[in-house]
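K.L.:
Each chain is listed here by its residues.
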Amino acid sequence: MDSTHTTVVVGASLAGMHAARTLRVGGHAGRIIVLDADSHTPYDKPPLSKQVLSEGWEPEQLALHVLNEDLDLELRLGFRATGLDLDGRTVTGEGPGEPEVAFDSLVLACGAAARHLPGTDGVDGVHVVRSLDDALALRSDLEASPGRVVVIGAGFIGAEVAASCRTLDIDVTIVEVLPLPLERVLGAEMGEVCAALHRAHDVDLRLGTGVDHLDTVPTAEGGRRVVGVALSDGTSVAAEVVVVGIGVTVNTGWLEGSGLTLDDGIVCDDTLLAAPGVTAAGDIARYPSKRFGQMLRVEHWDHAIEGGEAAARRLLADMKGEEPTPFDPVPWFWSDQYDRKIQLAGRPLPTDEVQVVEGDPAEFRFVAIYGRGEQLVGVLGMNRPRHVMQLRRILEQGGTVEQALERAASF
Amino acid sequence: MRVVVDFDLCESNAICMGIVPEIFEVRDDDFLYVLNETPDESERSKVEEAVQRCPKQAISIED
Numbered sequence: 000m001d002s003t004h005t006t007v008v009v010g011a012s013l014a015g016m017h018a019a020r021t022l023r024v025g026g027h028a029g030r031i032i033v034l035d036a037d038s039h040t041p042y043d044k045p046p047l048s049k050q051v052l053s054e055g056w057e058p059e060q061l062a063l064h065v066l067n068e069d070l071d072l073e074l075r076l077g078f079r080a081t082g083l084d085l086d087g088r089t090v091t092g093e094g095p096g097e098p099e100v101a102f103d104s105l106v107l108a109c110g111a112a113a114r115h116l117p118g119t120d121g122v123d124g125v126h127v128v129r130s131l132d133d134a135l136a137l138r139s140d141l142e143a144s145p146g147r148v149v150v151i152g153a154g155f156i157g158a159e160v161a162a163s164c165r166t167l168d169i170d171v172t173i174v175e176v177l178p179l180p181l182e183r184v185l186g187a188e189m190g191e192v193c194a195a196l197h198r199a200h201d202v203d204l205r206l207g208t209g210v211d212h213l214d215t216v217p218t219a220e221g222g223r224r225v226v227g228v229a230l231s232d233g234t235s236v237a238a239e240v241v242v243v244g245i246g247v248t249v250n251t252g253w254l255e256g257s258g259l260t261l262d263d264g265i266v267c268d269d270t271l272l273a274a275p276g277v278t279a280a281g282d283i284a285r286y287p288s289k290r291f292g293q294m295l296r297v298e299h300w301d302h303a304i305e306g307g308e309a310a311a312r313r314l315l316a317d318m319k320g321e322e323p324t325p326f327d328p329v330p331w332f333w334s335d336q337y338d339r340k341i342q343l344a345g346r347p348l349p350t351d352e353v354q355v356v357e358g359d360p361a362e363f364r365f366v367a368i369y370g371r372g373e374q375l376v377g378v379l380g381m382n383r384p385r386h387v388m389q390l391r392r393i394l395e396q397g398g399t400v401e402q403a404l405e406r407a408a409s410f
Numbered sequence: 000m001r002v003v004v005d006f007d008l009c010e011s012n013a014i015c016m017g018i019v020p021e022i023f024e025v026r027d028d029d030f031l032y033v034l035n036e037t038p039d040e041s042e043r044s045k046v047e048e049a050v051q052r053c054p055k056q057a058i059s060i061e062d
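Protein sequences appear in the order of chains L and X.
Numbering follows numbering that gives the first Met the number 0, with no gaps: position 228 of the first sequence is 227.
Numbering follows numbering that gives the first Met the number 0, with no gaps: position 37 of the second sequence is 36.
In isolation and in its complexed conformation, chain L is listed as follows (with noise of 0.2 Å):
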């Protein structure tokens, strides 16, 4: 291949991180320029949540593992990219080195921020999840050993702090603006299974009600620090720390007016291009999916992977002249909470129907199944890894619940 065909890929996370490795490895001979703001060596996000909280794990325990290969990558950390010419061909930012780099093709990898709670910038104690920075700055107010720690968000990561600082001995309150945990994800009834094993582990969970604003004092260096939650019910907690774990949006702000097409995310085609050129992939990139007949944007780990391979290999078609293949996969992750590990396959809704195939939900170990009509859509485990992935494969074949049923009777 043309060992002067230069290509930069922004963002350095999952998804960057292994397009980058799959261009090299599917034969890019010329430079590979992945730039990221994140000044931190590329590293894994999951366990910002959990062991960096709760096990001590150090930042070089997070890097990733692509770091080890040689793939000879020009990474360009600290470098903030503010602005992109599709007709020039450059990307320009801020940080080390020359402020215009120029490619020839492009992978925008550049994720998601985590979104605050308006009006708490820079209060002491109220943290998000989101950056290594994040969770050691909230590692760090987690070690002062707070009478109460309150989350706000009872999604994944919310969930997952908390039970990071139960595990740590620290009380926890969560507040939830919707009647049920992840109701929007799993739907009420096992949104119902979520808020019973939170409970479980006494955590405080305040359901159906927002934050109206928090209470907080002067501190001694002039700022302020957060010492209460008030409720929208009327009621208030009293809280050292306040994690906020309300969603996050996609970083599309420098993209503006490029030329590329913008909803809540990069618009790609049905093989994540973007423009001819440049592809997207990972949190940013909202795509037309047509086993699901909608567009879709993940926010998953394992979805970062595969959608970063396969932005890779659609610009490596357009290098080798081949056929481009369209990005289509089952979304699946994960989330371990206490000692139980959430896994959820497909893209269920709250109105399919769900059925337990395996275990009992009481002991907070089982799998169910969701149905839309006859089409399996979805399948859920709690500590069962191994029937989720035997199902899920069903799942992946675009099989029904019937199928899924008779695979079950055979756990």
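Hints in this document: simulated from the structure, not taken from any laboratory.
This structure is a prediction, so every number in the text was calculated from the model and none was measured.
Be aware that one or more of the hints could be misleading.
Short derived list, chain X residues pointing at chain L, Cβ under 8 Å [unchecked claim]:
1. 13
2. 16
3. 17
4. 21
5. 25
6. 26
7. 29
8. 37
9. 41
10. 51
11. 52
12. 54
We put the CB at the ideal spot given by N, CA and C, even for glycine.
Here the structure of chain L is known, so what remains is to put chain X in place on it, guided by the hints.
P.N.:
Using the frame of chain L, we list chain X on its own:
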């Protein structure tokens, strides 16, 4: 090729089993068993995929 699993890291996510069930098996006790530690060279790309996809980065290949 020798398949090595760091069992201090392994959390039995069973992803490897989904990719190469002939080599990796998570059993009812929730532990991972490596069915064939020295698979044939023809299995390499599948094993490499399992290495890449392991959420705990617990699998490696020693040549």
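K.L.:
Looking at the structure, which of the earlier hints fail to hold?
P.N.:
The structure breaks hints 4, 8 and 9; every other hint is satisfied.
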